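Use these hints to put chain B onto chain A, whose structure you have.
Line by line, the protein sequences give chains A and B. Quick note on the UniProt record's numbering: the first sequence kicks off at 1 and runs consecutively. Quick note on the UniProt record's numbering: the second sequence kicks off at 1 and runs consecutively.
If you're looking for bench data, these hints aren't it; they were derived computationally from the structure. Watch out, some of these pointers could steer you wrong.
[Claimed, not checked] Here are the in silico distance ranges between beta carbons for each label pair:
{"id": "1", "chain 1": "A", "residue 1": "GLN66", "chain 2": "B", "residue 2": "ARG151", "range": "45 to 51 Å"}
{"id": "2", "chain 1": "A", "residue 1": "ARG8", "chain 2": "B", "residue 2": "ASP134", "range": "42 to 48 Å"}
{"id": "3", "chain 1": "B", "residue 1": "ASP134", "chain 2": "A", "residue 2": "ASN108", "range": "33 to 39 Å"}
{"id": "4", "chain 1": "A", "residue 1": "VAL109", "chain 2": "B", "residue 2": "GLU122", "range": "24 to 30 Å"}
{"id": "5", "chain 1": "A", "residue 1": "GLN67", "chain 2": "B", "residue 2": "LYS31", "range": "31 to 37 Å"}
{"id": "6", "chain 1": "A", "residue 1": "ARG55", "chain 2": "B", "residue 2": "MET34", "range": "18 to 24 Å"}
Note that the structure is a prediction, hence the values are computed from the model and not measured. Just so it is clear, CB atoms sit at the ideal spot from N, CA and C, and this is done for glycine as well.
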Amino acid sequence: MDLVQLQRQLVDYRTSLYHEGFLDEQFTQLQSLQDENNPDFVVEVVSLFFEDSERLLNELSKALEQQVIDFKRMDAQVHQLKGSSSSIGAHRVQKLCIVFRNYCEAQNVEGCLKCLQQVKHEYGIIKTKLESMFQLEQQILNAGGSIPV
Amino acid sequence: MAHTLPSSDQSSDQDKWDSGGLECKGQLLIKIVMRNRLTALVVDGDTTCWVLEQELLHSYGVQTLGVDNSRDAVDLIASDAEFNLIIIEKILPVLNGLEVTRQICEIGVRCKMLEVTACSGESERQAFLAFGVDVFIEKPLDPEHLVPILRELDGQ
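Looking at chain A on its own, in the form it has when it is part of the complex:
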């Protein structure tokens, strides 16, 4: 595939992520902070988001397996996940966190379990999509091209 085709593919892919509600304009905000002085900023922040999220999702899973569930602690963890997902523009994950917090507040175990599954699912999707997007960007750079805005 030649450079122009790769660039077109990237633009289409990125556009689809916004259209389908996976990303919101906060992601564009993130991209605007990247420049020659900070050329890998987006990848770095998104990688931090992956690390933070995976840790939080593991902790939430463990919390829901306990005999006595600490809803307050879970609420704090979902709050954190909402914060970081909103910071990178991971729109669907952020929206699910709002629902999740409501279940924590209501101390609804079934609701929390269901929500956790949904969050894990959406997180998995956005992770795969962002990784694919970064791969495309790298291919373009390797072919000597620049990333279209």
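This is chain B only, laid out in the frame that chain A set:
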């Protein structure tokens, strides 16, 4: 000269993306010229958030320090470190954001304080404002909220 953010109603956003080109990078970061070098302390337990908040501040020439827990934040302030701006998240390791705010204000800090948090109810918002937080912002921290505050601190 400041550029304003494009208005973001549904249809104009779709058009923007349909045309195949997202807004030019430069325009989204509201451009301002700062006269003074401001300093800020960012307090947030979540790495993704404070990296982003610090970078956003850096892009406006603000020198920043980031801590990820309340104890370090209070210790820093108590040791007479001075900042023009303090940005605090509500939920933090060790002490919660509200308690940290209270302690910082008790030490006598009079700089601008921003509460930047993922979500909160009206009663919590009021509690923070009563304790001395100047502005309450829902995450993510964006130029639209930050720029007027920076301009005010810069004496513009």
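Results for each hint:
1. A:GLN66 with B:ARG151: 45 to 51 Å: At 49 Å between Cβs, range holds.
2. A:ARG8 with B:ASP134: 42 to 48 Å: holds (47 Å)
3. B:ASP134 with A:ASN108: 33 to 39 Å: holds (36 Å)
4. A:VAL109 with B:GLU122: 24 to 30 Å: Holds - the Cβ-Cβ distance for A:VAL109 and B:GLU122, about 28 Å, lies within 24 to 30 Å.
5. A:GLN67 with B:LYS31: 31 to 37 Å: violated (56 Å)
6. A:ARG55 with B:MET34: 18 to 24 Å: violated (36 Å)
The structure shown violates the earlier hints numbered 5 and 6.
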